[in-house]
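Trainee: Each chain is listed here by its residues.
There are 2 protein chains.
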Amino acid sequence: MLQERIRLASLRDKVMSAAEAARFIQDGMIVGMSGFTRAGDAKAVPLALAERAKTEPLGITLMTGASLGSGIDKVLTEAHVLKRRLPFQSDPVLRAAINRGEVMFIDQHLSETVELVRSHQMGPIDVAVVEAAAITREGAIVPTTSVGNSATFAILAKHVIVEINLGQHVDLEGIHDVYIPTRRPYREPIPVVSPESRVGLPFIPIDPAKIVAIVVTNQQDSSAETTPPDADTRAIAGHLIEFLSREVAKGRLSNRLGPLQAGIGSIANAVLTGLVDSPFHDLTMYSEVLQDSTFDLFDSGKLVFASGSSITLSSACQARVFPNIGKYKNRLILRPQEISNHPEVIRRLGIIGINTALECDIYGNVNSTHVGGTHMMNGIGGSGDFARNAYLAVFVTKSLAKGGTISRIVPMVPHVDHNEHDVDVIVTENGLADLRGLAPRERAEVIIANCMHADFRDQARDYFTRALKRGGQTPHLLNEAFEWYDRLEKTGSMKG
Amino acid sequence: MLQERIRLASLRDKVMSAAEAARFIQDGMIVGMSGFTRAGDAKAVPLALAERAKTEPLGITLMTGASLGSGIDKVLTEAHVLKRRLPFQSDPVLRAAINRGEVMFIDQHLSETVELVRSHQMGPIDVAVVEAAAITREGAIVPTTSVGNSATFAILAKHVIVEINLGQHVDLEGIHDVYIPTRRPYREPIPVVSPESRVGLPFIPIDPAKIVAIVVTNQQDSSAETTPPDADTRAIAGHLIEFLSREVAKGRLSNRLGPLQAGIGSIANAVLTGLVDSPFHDLTMYSEVLQDSTFDLFDSGKLVFASGSSITLSSACQARVFPNIGKYKNRLILRPQEISNHPEVIRRLGIIGINTALECDIYGNVNSTHVGGTHMMNGIGGSGDFARNAYLAVFVTKSLAKGGTISRIVPMVPHVDHNEHDVDVIVTENGLADLRGLAPRERAEVIIANCMHADFRDQARDYFTRALKRGGQTPHLLNEAFEWYDRLEKTGSMKG
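Chains as they are written, first to last, in full-length UniProt numbering: chain C, 1 to 496; chain E, 1 to 496.
To be clear, the hints were calculated from the coordinates, so they are not data collected in a lab.
Given the structure is predicted, the values throughout are model-derived calculations rather than measurements.
Just to be clear, a hint being listed does not mean it is correct.
Intra- or inter-copy, both count: the list cannot distinguish identical chains.
Straight line, CA to CA, 27 Å or less: simulated BS3-like cross-link-like pairs of lysine-lysine [as the list claims (entries may be wrong)]:
{"#": "1", "residue 1": "LYS250", "residue 2": "LYS210"}
{"#": "2", "residue 1": "LYS327", "residue 2": "LYS14"}
{"#": "3", "residue 1": "LYS250", "residue 2": "LYS83"}
{"#": "4", "residue 1": "LYS210", "residue 2": "LYS158"}
{"#": "5", "residue 1": "LYS490", "residue 2": "LYS402"}
{"#": "6", "residue 1": "LYS302", "residue 2": "LYS495"}
{"#": "7", "residue 1": "LYS74", "residue 2": "LYS54"}
{"#": "8", "residue 1": "LYS469", "residue 2": "LYS402"}
{"#": "9", "residue 1": "LYS210", "residue 2": "LYS302"}
{"#": "10", "residue 1": "LYS327", "residue 2": "LYS469"}
{"#": "11", "residue 1": "LYS83", "residue 2": "LYS158"}
{"#": "12", "residue 1": "LYS54", "residue 2": "LYS327"}
{"#": "13", "residue 1": "LYS250", "residue 2": "LYS302"}
{"#": "14", "residue 1": "LYS402", "residue 2": "LYS14"}
{"#": "15", "residue 1": "LYS54", "residue 2": "LYS495"}
{"#": "16", "residue 1": "LYS329", "residue 2": "LYS74"}
{"#": "17", "residue 1": "LYS158", "residue 2": "LYS250"}
{"#": "18", "residue 1": "LYS210", "residue 2": "LYS327"}
{"#": "19", "residue 1": "LYS54", "residue 2": "LYS302"}
{"#": "20", "residue 1": "LYS74", "residue 2": "LYS469"}
{"#": "21", "residue 1": "LYS74", "residue 2": "LYS327"}
{"#": "22", "residue 1": "LYS302", "residue 2": "LYS83"}
{"#": "23", "residue 1": "LYS74", "residue 2": "LYS402"}
{"#": "24", "residue 1": "LYS469", "residue 2": "LYS14"}
{"#": "25", "residue 1": "LYS250", "residue 2": "LYS402"}
{"#": "26", "residue 1": "LYS329", "residue 2": "LYS302"}
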């Protein structure tokens, strides 16, 4: 079994326990780990680090692809191992520590992290810890359910620890396409011209001498926590499909649409699942995380190809897909997140990007990250990479939260992740606002009328009408722009 | 003379007066005009439109490259010809009309306008009006001092009006490189791999049958209104050069730096001029507007090549450069703004982007457009195209305005054009804040200490300290985040 997984014989004597491997990581180091939206994370070495931190000082900067599963961020936070963390996370315990100011969190566009490391603006990376399905005869690393930042971390790190996960199907081999941009000042165009483009290697090429330890694990990825579609998310999907049908009727899109991207989460997943019953066909995806909906679309015959950086599924879907991964393999590519999210490729392909907003304002600015403008939720992730460069940048949200006490459409968002220049379409269960070619005053009319819940429309119109009297391209009353948040804090509701 | 300029003989009978040509433009049309930062604008037809609007209803949507000179936006506004205007402007009369809500202004990333028109998300363009140095024997258009959006406007418009400007030197021919991205879904990579890359045609290729009118003019571009460097802008340049020198010492950059981009305006121009006396050499530019500083750097021997979309000079520099344009021609390329500002190329080349902020906040968010959060100044222009994808995104501003009553560093900017994810470095005359790899709380410390004027530091620290008590990734007190603006309005000063 291990011979099949560690094919370069000389590396087999590097197999050791997680605790022994973790010894290569010292206090103060910068560590790059695999893992993107709970998929393909290193599962043993981080826990060994946390264990060791109980008896000796051990604080690190941890870079990953995106969020981790397996409770790793929780355990590392509780053990005080994390001093600095980037570029994304989604763990409640880590989130609380970030918001207390105990862990410095750098919230980055997911395409940019390795660019900063490669150009020595961050780093250098002392140790990379990468989960693998196998090590090739040449000592190259075959990733598992995500590529994320693993390739560049491993290529640039001084030392590499590989976790061979026997729980990940060896049939994943061949699904990856590892392309690393060439060095400046002579960087060449990235040759990806369609979701199907294979332009790199099916493994991470590194000098095997850098592999200082191999740890054998046998553990599934954490499953996605999905919420089934409800009336609201079905309504959102319905509005969007109706809109896209009109775009097709106008000749702006074909019935194949453009390559689809959908952010992580229940609403975006529900929207994609809604396409199963749509008039569109022969669809493709060029996305970051491939969720249950990707495989629902494959199985319904609607989807012909999907490119992503990770596969993150519910446990039911894991059981359906992974044992049969060979069946999907010629229709799937997993790429480094730098390529899945690259502005160059996204702009070229003409992507329809569907991402979830935490909240939007009446002028079309979107907050994706900060609850109440101050407290970090997860991070911007890839939403900025896609929204800025998409053919069509769509943001979806339910119009209400917390039993109707919170409106997700507000006069002014208290944190801006995507501004008015980047947001084309906003959809809630109430309806859709097509903002393309509209000035801010026009956007406010259509967002309030189409997207906002009726319970908040009057007070939004009142604000807008009074702001108009003060004039401007984007009328506001600064001394009451955030009044709804103040009211929420004082009365438990944004309602006036 | 006219034979030299209109080389396709069959087109010579299309020469007519501006008033006659303007007849091709009717009430309600969408019109695309040449012009980028006052350079290469159509100078006669727009004024004829304004004249006609005195006697008949005439309202249009006007798209340009960027801002116009020659008083055109003023005259068109006063004649009520402009109903809708995009993607940029800088005229005080138009600005006032925009802020009164009389002209709908769509403030766009300069790289995106033609992408939206090409994909039928805006438009279609009824008439393009393009200034030219010449029409070739095949009927192609040779632009003048800017390319801007002229190429795509002319290619996609139903009808084209050409203004042959005898006041523009015919030696400009050969300076342009017109590359139009190929159509989706089979779009190819843009082959620009260095500022020197020539990848297109030296003219705009169109069907000459679309040219319905030719108007002959003889008028220089409006000159740039430059302010000479002062102690503050020299200090800003000094801090930035010192920082870049440290980056070179750390091995992150060579003494050639990366290709430079500088936004329009006095501060960015002064910073570039400061490079004349720097230790850097063999510099290149990959920018949008080439200003006096470009030619100062050429003449000092510091700059070896400059790529832009327009040349906008002071009158003294115009007199020095344009009669000798042949001398610079093999070191200059003017491209469509879609290519000069293209995310794909900017990310590939590793650009150092230097843009002017209207104001910044203590967490590194930048407002480039809205005075007091509501009133439009000029527009975002290309600053977003560059800042998002640059190797290093630098924003410069003086720390004070209006005799010290206004701080350009505030607790929270009331309009966000560039958010914390995109801003690497902020420089004022007081100093420089290197934000790379810092969490928001850390950024606040360094921005307040290094960039803020001493007069405002205490009240900023007071805000930050109290906000920290409420916690969060980005601590704020929403009910006083904009208090400084309120105080300014009530007392004439932001000082507490």
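Trainee: So, for every hint listed, does it hold in this structure?
Mentor: A quick look at each hint next to the structure:
| no. | hint | in the structure |
| --- | --- | --- |
| 1 | LYS250 to LYS210 | between (56 Å within a copy, 25 Å between copies) |
| 2 | LYS327 to LYS14 | neither (34 Å within a copy, 64 Å between copies) |
| 3 | LYS250 to LYS83 | between (53 Å within a copy, 24 Å between copies) |
| 4 | LYS210 to LYS158 | within (7 Å within a copy, 62 Å between copies) |
| 5 | LYS490 to LYS402 | within (15 Å within a copy, 37 Å between copies) |
| 6 | LYS302 to LYS495 | neither (43 Å within a copy, 61 Å between copies) |
| 7 | LYS74 to LYS54 | within (15 Å within a copy, 70 Å between copies) |
| 8 | LYS469 to LYS402 | between (33 Å within a copy, 25 Å between copies) |
| 9 | LYS210 to LYS302 | neither (44 Å within a copy, 42 Å between copies) |
| 10 | LYS327 to LYS469 | neither (62 Å within a copy, 55 Å between copies) |
| 11 | LYS83 to LYS158 | within (21 Å within a copy, 60 Å between copies) |
| 12 | LYS54 to LYS327 | neither (45 Å within a copy, 70 Å between copies) |
| 13 | LYS250 to LYS302 | within (22 Å within a copy, 52 Å between copies) |
| 14 | LYS402 to LYS14 | neither (52 Å within a copy, 67 Å between copies) |
| 15 | LYS54 to LYS495 | neither (48 Å within a copy, 49 Å between copies) |
| 16 | LYS329 to LYS74 | neither (33 Å within a copy, 60 Å between copies) |
| 17 | LYS158 to LYS250 | between (55 Å within a copy, 19 Å between copies) |
| 18 | LYS210 to LYS327 | neither (34 Å within a copy, 53 Å between copies) |
| 19 | LYS54 to LYS302 | neither (51 Å within a copy, 57 Å between copies) |
| 20 | LYS74 to LYS469 | between (50 Å within a copy, 24 Å between copies) |
| 21 | LYS74 to LYS327 | neither (35 Å within a copy, 64 Å between copies) |
| 22 | LYS302 to LYS83 | neither (45 Å within a copy, 43 Å between copies) |
| 23 | LYS74 to LYS402 | within (26 Å within a copy, 50 Å between copies) |
| 24 | LYS469 to LYS14 | neither (72 Å within a copy, 49 Å between copies) |
| 25 | LYS250 to LYS402 | neither (39 Å within a copy, 51 Å between copies) |
| 26 | LYS329 to LYS302 | within (16 Å within a copy, 53 Å between copies) |
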